[in-house]
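A.B. asks: The primary structure of each chain is shown beneath.
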Amino acid sequence: MMAARGDVRPRHSHRWRWLQRVAFYATVVAVVAPILFPYYWMLVVSLKTPIQNLASPPALIFPPTPMNYVELFGQNKMLQVLSNSLIVGLASTLLGLVLGLPAAFAIARFRFDTLGVLILLARMLPGIAMLVPWYLMFVQLQLVGTHGALVFSHLSVSLPLIIWLSIGFFEGLPSELMDAAVVDGCSLVGYFWRVALPLVRPAIAASAMLAFIYSWNNFLYSLILGGTIKMAPVAAYNMISSYDINWGGMMAAAVVTTWPVILLSLPFGQNLVRGLVSGAVKG
Amino acid sequence: MHSTAARPSQDPHEGAWSAVRSGRLRPRQQGFLLTLPAIIALVFLIGFPILYTVWLSLHEWYGSRTLAMDWVGLANYADLILRDSNFHRSFLITVTFTFFTVTLSVMIGLGLALLLNSEFVGHGLVRTLLMIPIVSTPVAVSLTWKYILNYDGLLNSVTHILGLGKQAWLGTQLVIPSLIVVDVTRWVPLVMLIILAGLASLETEPFEAATVDGASSLQLIRYITLPLLRPHIGVAALLRLIDAIKTFDEVMVISEGGPAGASETLYLYGYKVAFSFMTFGYASALLIVLFLIVLVASMLVLRLRRAA
Numbered sequence: 001m002m003a004a005r006g007d008v009r010p011r012h013s014h015r016w017r018w019l020q021r022v023a024f025y026a027t028v029v030a031v032v033a034p035i036l037f038p039y040y041w042m043l044v045v046s047l048k049t050p051i052q053n054l055a056s057p058p059a060l061i062f063p064p065t066p067m068n069y070v071e072l073f074g075q076n077k078m079l080q081v082l083s084n085s086l087i088v089g090l091a092s093t094l095l096g097l098v099l100g101l102p103a104a105f106a107i108a109r110f111r112f113d114t115l116g117v118l119i120l121l122a123r124m125l126p127g128i129a130m131l132v133p134w135y136l137m138f139v140q141l142q143l144v145g146t147h148g149a150l151v152f153s154h155l156s157v158s159l160p161l162i163i164w165l166s167i168g169f170f171e172g173l174p175s176e177l178m179d180a181a182v183v184d185g186c187s188l189v190g191y192f193w194r195v196a197l198p199l200v201r202p203a204i205a206a207s208a209m210l211a212f213i214y215s216w217n218n219f220l221y222s223l224i225l226g227g228t229i230k231m232a233p234v235a236a237y238n239m240i241s242s243y244d245i246n247w248g249g250m251m252a253a254a255v256v257t258t259w260p261v262i263l264l265s266l267p268f269g270q271n272l273v274r275g276l277v278s279g280a281v282k283g
Numbered sequence: 001m002h003s004t005a006a007r008p009s010q011d012p013h014e015g016a017w018s019a020v021r022s023g024r025l026r027p028r029q030q031g032f033l034l035t036l037p038a039i040i041a042l043v044f045l046i047g048f049p050i051l052y053t054v055w056l057s058l059h060e061w062y063g064s065r066t067l068a069m070d071w072v073g074l075a076n077y078a079d080l081i082l083r084d085s086n087f088h089r090s091f092l093i094t095v096t097f098t099f100f101t102v103t104l105s106v107m108i109g110l111g112l113a114l115l116l117n118s119e120f121v122g123h124g125l126v127r128t129l130l131m132i133p134i135v136s137t138p139v140a141v142s143l144t145w146k147y148i149l150n151y152d153g154l155l156n157s158v159t160h161i162l163g164l165g166k167q168a169w170l171g172t173q174l175v176i177p178s179l180i181v182v183d184v185t186r187w188v189p190l191v192m193l194i195i196l197a198g199l200a201s202l203e204t205e206p207f208e209a210a211t212v213d214g215a216s217s218l219q220l221i222r223y224i225t226l227p228l229l230r231p232h233i234g235v236a237a238l239l240r241l242i243d244a245i246k247t248f249d250e251v252m253v254i255s256e257g258g259p260a261g262a263s264e265t266l267y268l269y270g271y272k273v274a275f276s277f278m279t280f281g282y283a284s285a286l287l288i289v290l291f292l293i294v295l296v297a298s299m300l301v302l303r304l305r306r307a308a
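Sequence lines, in order, name chains A and B. If you're matching positions, the first sequence starts at 1 in the working numbering and goes up one per residue. If you're matching positions, the second sequence starts at 1 in the working numbering and goes up one per residue.
Hints may be right or wrong, so weigh each one.
To be verified - Chain A residues, not near chain B, derived (Cβ > 10 angstroms throughout):
| id | residue |
| --- | --- |
| 1 | E71 |
| 2 | L79 |
| 3 | S175 |
| 4 | N217 |
| 5 | D244 |
| 6 | L276 |
Unchecked claim - Anything over 10 angstroms on all C-beta distances counts as not near chain A; from chain B, calculated:
| id | residue |
| --- | --- |
| 7 | A38 |
| 8 | D70 |
| 9 | A78 |
| 10 | F99 |
| 11 | T103 |
| 12 | K146 |
| 13 | S157 |
| 14 | L164 |
| 15 | G165 |
| 16 | T172 |
| 17 | Q173 |
| 18 | F277 |
| 19 | L287 |
Stated by the list, open to error - One side only, chain A facing chain B, incomplete, derived with CB under 7 angstroms:
| id | residue |
| --- | --- |
| 20 | Y39 |
| 21 | P126 |
| 22 | I213 |
| 23 | Y237 |
Just so you know, the hints here were simulated from the structure itself, not pulled from any lab data. Virtual Cβ for every residue (Gly too), placed ideally from N, Cα, C.
Kindly produce the complete structure, drawing on both the sequences and the hints.
C.D. replies: In structure tokens form, the structure reads like this:
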């Protein structure tokens with residue numbers, strides 16, 4: 001708590017402080033546990049047979065079975081699904097970086113503030129408002145169910161996100177740096193490419209990761225424009241529609257859909273948090 | 001960049017930058033050129049589609065290739081706002097859902113941030129773990145919640161053991177509260193992160209001065225922390241507001257808007273009108289209304305950000 005800074009209150013008794021600490025950790029666990037519980041529970045359910053999953057109350061200790069995963073990757077072709085998500089995620093992130101980084105650099109360097117505001121607005125608009133024209137266009141072009149249509153739609157999320165986050169990084173560079181580069185005969189593009197970009201690389205990596213996550217997690221665009229190309233969230237969602245829901249299989253699909261992005265993002269730590277704080281809203 | 005070195009009989013410093021020096025292209029103009037590819041892409045991705053949606057919203061059309069679009073002017077909007085009881089219901093549902101999820105997630109997120117804003121053992125671990133809900137796939141988590149809230153699910157086995165009996169958590173009465181709880185558990189961590197970042201940016205002097213004057217930690221929070229944090233809390237609340245209006249994945253997976261429309265939010269209703277009923281003209285009017293609601297909220301965020 002803020003009082004920790006320059007705390008001058010009298011010392012409490014040993015037991016009192018111990019009690020305080022217990023109360024503190026109990027509160028933290030009470031708030032955090034329900035938030036994290038689903039991520040644990042989907043793992044547990046995915047490792048049980050349908051019969052084990054019928055048990056009420058559910059067993060906490062049980063022999064785990066890989067059968068749901070075997071079925072998922074065999075019969076349900078989950079590997080193909082994951083590679084679809086990977087391809088579209090990488091392509092839309094890469095395109096977002098190529099188009100977005102020069103723009104973000106210029107917006108930061110020359111203070112194109114109106115443009116910056118428009119980018120932020122593009123981040124916040126409801127994606128479904130663009131989806132009808134996209135759908136009609138791709139039906140007309142017979143491109144529904146292609147990677148291209150999916151990359152196009154996901155780019156509408158990743159491009160504004162990457163620009164918005166990167167503006168902040170480029171603004172953080174001291175302007176003397178640019179002046180020095182100019183004296184050395186560096187062009188604007190040369191300065192961007194050889195000086196500015198390497199300096200903000202770690203931050204860029206985190207925002208690229210974030211753009212990839214948003215693409216991977218996207219449901220609505222993939223549902224409407226995916227057609228026969230199943231993306232991970234759509235494939236997981238489709239487990240509902242089977243006549244008799246196999247919860248174990250569904251949870252296995254949920255695990256292989258969300259755990260990869262969770263594990264990929266954790267190493268980015270504070271850089272990712274900074275990105276989330278400064279611009280994370282849904283597409 | 002000496003890209004023009006290949007050009008013969010020119011000054012070796014000839015390049016974009018010397019063009020600037022000789023006044024042919026000023027740096028600002030060069031900078032504008034750098035933004036051009038992104039601007040063009042965004043006009044195609046977002047600008048034109050929105051305009052086309054406005055155009056469609058003035059027509060009656062079912063996506064047919066053979067039947068022409070009928071110009072109906074503002075009739076779609078009039079139907080929507082004056083006559084469509086499904087729209088009225090989904091508007092009310094969206095307002096209720098949004099109000100509670102924003103209020104609860106901001107209050108709990110603020111509390112959690114104040115609680116975790118100290119150096120305790122395991123503080124890095126807790127912060128890292130709380131990143132999980134923010135980056136996780138909404139569909140996957142919602143499927144898990146669907147299983148937990150299902151009539152034969154985990155929650156009912158727990159209430160059964162406790163002697164509270166089974167509840168229809170996804171029935172007409174409880175579906176909205178259930179969805180609110182699901183949404184709150186997902187977004188509390190983000191609110192917490194935004195407020196923690198705000199706390200880290202506060203000056204220390206007011207706190208030191210107040211502590212010297214003998215203020216208790218509760219008084220510090222009430223009279224110093226909270227007033228100083230107000231802009232950050234405001235930004236978090238408005239971002240939550242915009243996100244809550246746009247909630248789709250959770251509702252689609254957990255209840256599909258049911259039972260009997262009891263959880264049909266505006267976003268979900270728009271989705272159904274467009275892609276289940278294929279009434280594109282009418283759907284476009286609905287989506288434009290949704291667009292305007294979010295636009296107003298976004299403008300508020302921009303204003304507050306400038307103030308913060």
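A.B. asks: Holds or violated: is the Cβ of A/P126 closer than 7 angstroms to a Cβ in chain B?
C.D. replies: holds (5 angstroms)
A.B. asks: Taking the closest pair, is the beta carbon of B/L287 still more than 10 angstroms from chain A?
C.D. replies: For B/L287, whose nearest Cβ neighbour in chain A is about 5 angstroms away, the distance does not exceed 10 angstroms, so it is violated.
A.B. asks: Confirm or reject: B/T172 is not an interface residue toward chain A, with every Cβ-Cβ distance exceeding 10 angstroms.
C.D. replies: holds (20 angstroms)
A.B. asks: So is B/T103 really clear of chain A, every C-beta pair being over 10 angstroms apart?
C.D. replies: For B/T103, whose nearest Cβ neighbour in chain A is about 16 angstroms away, the distance exceeds 10 angstroms, so it holds.
A.B. asks: Please verify that the nearest CB of chain A lies beyond 10 angstroms from B/K146's CB.
C.D. replies: Given a closest Cβ separation of 8 angstroms, the condition is violated.
A.B. asks: Does B/S157 really sit off the interface, with its C-beta more than 10 angstroms from all C-beta atoms of chain A?
C.D. replies: violated (4 angstroms)
A.B. asks: Is the interface hint for A/Y237 satisfied, with its Cβ closer than 7 angstroms to some Cβ of chain B?
C.D. replies: The hint holds - A/Y237 has a Cβ within 7 angstroms of chain B, the shortest such distance being about 5 angstroms.
A.B. asks: Is it the case that A/N217 keeps its Cβ farther than 10 angstroms from each residue Cβ in chain B?
C.D. replies: Violated: least Cβ distance 4 angstroms, not greater than 10 angstroms.
A.B. asks: Say whether it holds or is violated: B/F277 keeps its Cβ farther than 10 angstroms from all Cβ of chain A.
C.D. replies: About 12 angstroms separates B/F277 from the closest Cβ of chain A, which puts it past 10 angstroms; holds.
A.B. asks: Can we trust that B/D70 is non-interface, i.e. its beta-carbon lies farther than 10 angstroms from all of chain A?
C.D. replies: Holds: least Cβ distance 16 angstroms, greater than 10 angstroms.
A.B. asks: The output says A/S175 does not contact chain B. Does that hold with a beta carbon cutoff of 10 angstroms?
C.D. replies: holds (12 angstroms)
A.B. asks: Beyond 10 angstroms from every chain A Cβ: check whether that's true for B/L164.
C.D. replies: holds (14 angstroms)
Comparing the model with each earlier hint shows violations of hints 4, 6, 7, 12, 13, 19; every other hint is respected.
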